[in-house]
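**Student:** Each chain, letter by letter, is given below.
Number of protein chains: 2
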Amino acid sequence: MKKISDSTIRRMSKYFRSLDQLIDKRVETVSSDTLAEMDGITSAQVRKDLSFFGTFGKRGFGYNTKSLKKQIENILGLYRTWNVAIVGGGNIGRALTDYTEFKKQGFIIRLIMDKDGAKIGKQVHGLTIEDFNKVNDLVKREQIDIAIIAVPADNAQAVADKLVVAGIKAILNFAPRSLKVPPDVTVKYENMAVEMEALSYFLSNKK
Amino acid sequence: MKKISDSTIRRMSKYFRSLDQLIDKRVETVSSDTLAEMDGITSAQVRKDLSFFGTFGKRGFGYNTKSLKKQIENILGLYRTWNVAIVGGGNIGRALTDYTEFKKQGFIIRLIMDKDGAKIGKQVHGLTIEDFNKVNDLVKREQIDIAIIAVPADNAQAVADKLVVAGIKAILNFAPRSLKVPPDVTVKYENMAVEMEALSYFLSNKK
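Sequence order for the protein chains is X and F. Here the numbering used here is used: position 51 in the first sequence is 51, and no number is missing along the way. Here the numbering used here is used: position 147 in the second sequence is 147, and no number is missing along the way.
By construction, these hints were calculated from the structure, which means they are not laboratory data. Check before you lean on any hint, since a few could be wrong.
Copies of the same chain look alike in the list, so a pair counts if it fits in one copy or across any two.
What the hints assert, rightly or not - No farther apart than 20 Å at their CA atoms in a straight line, the calculated lysine to any residue pairs in the SDA-like style are these:
| no. | residue 1 | residue 2 |
| --- | --- | --- |
| 1 | Lys-119 | Asn-91 |
| 2 | Lys-188 | Arg-11 |
| 3 | Lys-104 | Asn-74 |
| 4 | Lys-122 | Asn-91 |
| 5 | Lys-115 | Lys-162 |
| 6 | Lys-188 | Asp-6 |
| 7 | Lys-115 | Asn-136 |
| 8 | Lys-206 | Asp-6 |
| 9 | Lys-188 | Arg-10 |
| 10 | Lys-119 | Asp-98 |
| 11 | Lys-104 | Leu-127 |
| 12 | Lys-69 | Gly-106 |
| 13 | Lys-188 | Thr-8 |
| 14 | Lys-69 | Asp-33 |
| 15 | Lys-180 | Met-38 |
| 16 | Lys-162 | Arg-177 |
| 17 | Lys-162 | Asp-116 |
| 18 | Lys-103 | Asn-91 |
| 19 | Lys-180 | Leu-203 |
| 20 | Lys-70 | Ser-31 |
| 21 | Lys-206 | Gln-143 |
| 22 | Lys-134 | Asn-83 |
Small disclaimer: the values here were computed from a predicted structure and weren't measured.
Take the sequences, apply the hints, and build the full model.
**Tutor:** Put into structure tokens, the structure is as follows:
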């Protein structure tokens with residue numbers, strides 16, 4: 001398969017959610033115009049994105065919602081579940097153990113770890129906070145596919161290094177710090193302040 | 001000022017953080033190559049983004065870290081603080097009341113609201129959960145600039161409608177649902193599962 005840009009992947013996630021809503025409402029076919037309007041992008045972009053993966057729609061007929069959803073599910077690897085570990089038993093880490101959207105898309109939180117003795121052993125939504133010093137054994141035991149870093153910025157690189165040693169190939173980093181990892185490991189970043197800054201920009205430059 | 005794309009704004013937020021790190025390490029000048037490497041983009045893109053706002057750097061000298069940070073701060077409206085309200089006293093809403101990155105960038109959480117009688121009156125990191133039915137008065141009293149929606153997907157549109165009536169012009173929506181708002185209101189979306197799906201795509205399409 002050709003190399004697909006991060007922004008295309010993100011739009012795929014949007015289409016996936018919109019299709020889900022349409023299927024809930026028993027809509028059977030959808031045009032690129034409707035998908036475009038739901039997701040706030042142009043219909044040309046929708047057609048371009050979807051054609052990238054093969055010709056899904058029929059001109060004048062639109063796309064079959066269920067089969068399109070299924071195809072995007074396959075592309076994104078959402079036809080299966082993934083075992084997820086969280087590092088960091090703070091507010092964000094704990095909140096994520098019970099995040100509905102993760103469960104719904106098949107991201108199952110198997111493990112939450114911290115290095116703080118005061119947190120280790122505490123219960124969070126049915127999980128026990130485990131000792132991060134045992135990360136190698138725990139990652140193996142729970143067959144973890146993806147790790148989430150939710151620790152303070154200054155500790156993020158050290159945590160990432162240990163996750164890499166433990167065999168983790170995919171990391172979602174909530175700490176506001178760029179991470180250096182080997183080329184076979186992928187890191188994605190989640191910084192909730194970034195979207196707030198886009199709002200701040202909007203409010204500052206109105207009119 | 002010319003219209004700037006969302007992705008440019010997002011990169012500005014990245015530069016802002018990288019400059020912050022460099023200033024912490026007492027680095028006085030930085031090349032577009034270094035900024036590009038820190039943020040995982042091309043140096044041509046960095047130069048293009050920054051030139052968009054005027055000529056900041058000198059060929060062969062690079063950018064002065066402090067003055068570049070100051071200029072980005074002005075562009076993004078981060079030279080001031082913003083009053084923020086959270087709707088939803090669940091896991092995510094409560095975690096966000098104490099999110100370091102918000103405070104650091106000047107987003108001050110003044111208010112958390114819920115419609116659930118069992119949650120109203122409870123304390124969260126020094127704030128009392130208020131009754132969402134009083135949103136109009138509360139938004140006025142706390143001079144709220146930005147509202148965060150952290151409620152279940154099915155309630156998100158109704159909450160947005162009430163926020164718009166209360167005079168809110170900028171919304172960050174954590175619920176996985178597209179919102180319809182009047183043209184003078186901006187909505188940004190935060191869905192933490194989307195980055196997980198990019199990782200799932202990466203793991204599914206390796207080799």
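**Student:** Sort out which numbered hints this structure fails and list those numbers smallest first.
**Tutor:** none
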